[in-house]
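Turn these sequences into a full structure, and let the hints steer you where they fit.
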Amino acid sequence: MLVDYFFPRTPVIHGTREIFLNWGRIAVTFAMILGLINLLFSNFKKVMLQSRGWIYNLILLVSFAVTFYFSVPYHTIVKDGAVTTLKGTDAGTVGFQIFMNVYTPLSATMFALVAFFIASVAFRAFRAKNIEALLLLLSAAVVMLGSVPLGDAWFAALHLDSVFGTHNLSWLSNFVQSVPMSAAQRAINLGVAIGMVSMSIKILGGIDRSYFGGE
Amino acid sequence: MSHDPWVWIAAFLTLAIFSFLYKDNVFYKIAEHIFVGVSGAWLFATYFQSDIVEDMLMKSFPHFFHRTEAPNYITLGGGVIGLIILLRMVPGFSWLSRWGIAFVIGFQTGLQLFSAINAYILIQVRAALVSLFVPRNIGLTIRNWLQAGGTFTSLSYFYFSKEHKGAFGVLTRIGIWFLMISFGAAYGSTVMTRMSILIGRVYFLLSTWLGVVRA
Amino acid sequence: MNLQNLDRRIIFAVLLIAVASAFLFPRPLHIAVEPPVQMAYDTLNKLQPGDRVLMAFDYGPSTMPELQPAALAILRHCFQRKVKVVFFTLTNEGLPMIADALSQVAVPLDEKENVDYVNLGFKWGGLTGSSVIEGLGSNMQAVFPVTIKGTAYHDVPLLHDVKNFSDFKALISFSAGTPGINEYIQYANARYHIPIVGAVTKVTAPREFPFLNSGQLAGMCAGLVGGAEYEELIDHPGFGMSGLFALSIAHLVVLGCIVAANIIYFFGRRQSSR
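Chains as they are written, first to last, in this note's numbering: chain E, 1 to 215; chain U, 1 to 215; chain X, 1 to 274.
Hints in this document: simulated from the structure, not taken from any laboratory. Don't be surprised by glycine CBs; every beta carbon is placed ideally from N, CA and C. Take the hints with a grain of salt, since some may be wrong.
Said to hold, decoys possible - Pair by pair, the computed Cβ-Cβ distance ranges are:
#	chain 1	residue 1	chain 2	residue 2	range
1	E	L158	U	V125	16 to 26 Å
2	E	F44	X	N114	19 to 29 Å
3	U	F27	X	P35	24 to 34 Å
4	U	V90	X	N45	30 to 40 Å
To be verified - Cut-off 30 Å, straight-line C-alpha distance, at most; resulting in silico cross-link-like pairs (DSBU-like, lysine-lysine):
#	chain 1	residue 1	chain 2	residue 2
5	X	K149	X	K169
6	X	K112	X	K163
7	U	K165	E	K45
8	U	K29	E	K129
9	X	K149	E	K79
10	X	K82	X	K112
11	U	K162	E	K46
12	U	K162	E	K202
13	U	K162	E	K129
14	X	K112	E	K79
As C-alpha cells, then:
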C-alpha cells in the first residue's frame, strides 16, 4: 500500500495492491460477521439458560431470524437474454419493507430521544459561571438562532442589524463558524491527525500490538 | 389516517421508543431488542450480498451466476483470510486469527498513512498560513489574524510540556476562548441535528400516520 | 417546587407540544442562503450536460430528515442540468436512501436507468471505507463488477468508458459520519484530486469548515437548513423548507431553557447570599 505511492505505474506493485484491496474488503466483512456471531451466541446462551429477561433475548433472535429469512436471498436469473439479480434487500421486497418500516422508525426515534435530553440538560446544567462558559453559551446561541430564519427576523425586529451594518444574525453565525470555530477545529484536527500518523507508524513498526487484544 | 399496516407498525414502534421518556417499560425494551435483531440481520444480508457473493464468489465462479467473465480464483484469498479471522471462535486455533487481523490492520494502516499526512496535515497547515496584512482590505486582514491566531493559540493550549504561565499562559488562555467558541458552536450544531431528527419523527406521526398535517 | 430540580418530563412535554404545534400551525419562512451552500450550488452549476458525477449516499434513517432534503435537491439540480449520476454507498443503510431518492426524483423526471443514472449499490470497505475509495480511484469495475440489479459493469452504457475518478467531474457525498466526507477528502481528493461537494449533518459540520476554507471541499450543505437553502436555490421547496418553522421553534425552546435556567440560578444565588 505504501510502496504504491512511490511506484504507482509499476504493474506488479499496482496489481498486487488491487488484489490486496479486494482481499481487504472481503476480510473486513468476515470480521463484521464475527461480531454478529458473537452477538447471536450471547443471546442464544441467555435464552437457553433462561436468565433474567430472556424473553427479550428471544425476541431479538426471532426478529433476527425473520429479517434474515426475507433479506438474505440472492438469485441470479436470465431474463430476455440479460442477467438480473433478485435480492431480499431490493426495493419493494418484504426485507426492504422491514427495513423501512421497522428498522427506520426504531433507529430514527432512538436518535430523536436525545433531543429531549439535550433540552433537559440545557435547563439543568448550562450555567454561565465564568467567561469561558459564557463564550460557549453565546456562541451556541448565535449558531442556533443564526441558522434559522426566525433568528434573522428577531434581529431585524430588535433593530440589532443596524449595529453590524448591513450584516444580520445569519452573517454573524456564518462568521463564527468559518473563522474562530474553524481555527480551533483546525487545531484539533491537526492534533488528531498527528496522533493518527504516530499510531500508524507504531503499528507498522510492530511497537503497538494492542489490536491483538491483551498483548 | 393511514390504512397501510406497515405505517401502523412503524407508528407503534415509534411510540414504543418515545414511551421511554415517561419511564422505562416493557414496550421500549421489546422495541429495543427488535431493533438490534433487525439491524443485525440487515447488516449480514447486505454485507453477504455485496462483498462475499459479488466481490468473491461471483468473480471466482462466474458460470454459477450466468456470467461470461473468466474466473478469477485469486479473490478466494480474501475468503481464506476471512475464515482465518473466524477461527478466533475455535478454541485451540484462535491464535491463527491474529494473522488475519494483522493483514487487515496492516493494509488499512498502509492505505491511510500517506493520505492522512497529505489531507489532514500538509494541506491544513498550508491553509493556516494566511497573509496577516492584506492591503486596502481591513476586513480580510482581521479575518486572517483571527484564523491564524486562533489556530496557533488553540494548538498551544495542547502543548503540556511547558507550564501554562506568563506570556505562554496568556496565549493558552486565548486558545481556550477559541476552543470554547468552537465547542459552543458544536453544541448549537448538535442541538440542530437532534431537533431535525425529532422533527422528522413528529412529521411522520402527524402527516404519514395520522394525516392531520398535509404532506 | 424547586425550579432548579424541575421534573424533566415537563421539559419533554413542552418540547413535544412546541414541535407538534409548529406543524399544526405552520408559518412560511424565507431563508437566506449561506456561502457554503452557495459554493456547492455554483460548483454543480458549472457542470455541462453529459458530465458525470458520483453520488455517495452514506447515511441512514436516523439522519434522513437532515440529509434527504439536500440529497433530493442536489439530485434534482443534477438532472436539470442533464448531468449523468452514478450512485453508490459505503454503508448498508444507504441502499434504501438511494432507492427513496430515485423514486422521488428520477422516476417523476423520467430519467433512464443505465443511461442517465446507474445505481452501483453498497460495498463495505471497512470502518473507513478506504479500500473501496482507493479502489474507485484506480479501477471502478474491480470494486463494483455489477450494478445493484445485477447488470454487468461493461453492459452499462453510462459506464462504457469509465475507469476511475478521473472520468468524473465531482464526487457528491451525503454523509452522517464515518465512512463519509472526511474519507473522501483523505483518499479521493488528496490523491486523485476529484472535487468534493458535501452535505453533512449539522453535528459534523464544524469539523468540515477547515476543509471548506482550505479548498479541499468545494461546497457544503449542513443539516436540514442547508437542504432548505439548496431547495431555495433550485426553487423547489420540499421537506427542508417545511421543517424550518418547527426547527426554529425547537431552537427557541432550548434557548428558553438555557436562559430560564440561568435566571433561576443567578436569582437563587442572590437570594442565598442575602
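Verification of the hints:
Evaluation of the 16 to 26 Å hint for E:L158 and U:V125 yields a failure: the beta carbon distance comes to about 41 Å. Taking the beta carbon of each, E:F44 and X:N114 are about 44 Å apart, not inside 19 to 29 Å as hinted. Checked against the hint of 24 to 34 Å, the pair U:F27 and X:P35 fails, with Cβ atoms roughly 46 Å apart. As the Cβ distance of U:V90 to X:N45 is approximately 58 Å, the hint placing it in 30 to 40 Å is violated.
With a C-alpha separation of about 25 Å, the suggested pair X:K149 and X:K169 falls inside the 30 Å cut-off, and the hint holds. Annotation: proposed proximity of X:K112 to X:K163 holds, straight-line Cα distance about 21 Å (limit 30 Å). The straight-line distance between the Cα atoms of U:K165 and E:K45 is roughly 58 Å, outside the 30 Å bound, and the hint therefore fails. Between U:K29 and E:K129, the direct Cα distance comes to roughly 39 Å. Violation of the 30 Å bound is thereby established for this hinted pair.
Between the alpha carbons of X:K149 and E:K79 the distance comes to roughly 12 Å, so the proposed pair stays at or under 30 Å and holds. Proximity of X:K82 to X:K112 is assessed by CA-CA distance (about 12 Å); at most 30 Å being required, the pair is judged to hold. Proximity of U:K162 to E:K46 is assessed by CA-CA distance (about 53 Å); at most 30 Å being required, the pair is judged violated. Of the supplied pair hints, the one linking U:K162 and E:K202 holds, its CA atoms being roughly 25 Å apart against a limit of 30 Å.
Between the alpha carbons of U:K162 and E:K129 the distance comes to roughly 28 Å, so the proposed pair stays at or under 30 Å and holds. The suggested pairing of X:K112 with E:K79 holds, with an alpha-carbon distance near 19 Å, which does not exceed 30 Å.
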